[in-house]
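**Q** Sequence:
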Amino acid sequence: MHNQLIQLISERTQLSDVERELCIQYFEPVLYPKNRVIEEEGKIPQYLYFVVSGFVRLFHYNYKGDEVTTHINCPPGFITSYSNFTNQIRSDENLECITECELLRITKTDLDLLTQKSPAFKDFSFLVFQKSLSYNEKRA
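1 is the number of the first residue of the sequence shown in this note's numbering; add one for each residue after it.
Hints in this document: simulated from the structure, not taken from any laboratory. Virtual Cβ for every residue (Gly too), placed ideally from N, Cα, C. Each hint can be trusted.
Have a look at the derived ranges for each label pair, beta carbon to beta carbon:
id	residue 1	residue 2	range
1	61	117	33 to 41 Å
2	117	30	18 to 26 Å
3	33	3	21 to 29 Å
4	122	88	14 to 22 Å
5	10	63	43 to 51 Å
6	6	112	18 to 26 Å
7	43	11	31 to 39 Å
8	2	43	21 to 29 Å
9	53	89	27 to 35 Å
10	88	53	25 to 33 Å
11	117	40	27 to 35 Å
Listed below are the simulated DSS-like cross-link pairs for lysine-lysine, each with C-alpha atoms no more than 25 Å apart in a straight line:
id	residue 1	residue 2
12	108	122
13	117	131
14	108	131
15	108	43
16	131	43
17	43	64
Let's have the full structure, built from the sequences with the hints guiding it.
**A** Right, here's the structure in full:
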């Protein structure tokens, strides 16, 4: 499962064997069924997810109580409530698997450790968050 993530990172920066092992060590593989909410509003997002297979959506409820989907992601991509994850503050968004999903996930603490240990992961992590900001600015 880690091969897709390692391949994606390797397209942008060179990974050493040690960095490949760090990736395997810190990114936990998980499998979720369709319609599973994996991060709930009102809570601090616990993980950054890499989508190996399936589709994941980020959504919130508007003032009428209707679901508003703000982002859908598929392989190979990362998804979380980025600013809330980064700043470790409560989110008003939910993260839901809209199909069965194979994901790799990493906690904020482990992501910080990984980026301290690996310049390649630090650079790649910065690129992922930059793309997220750019995407959100274009949507606004």
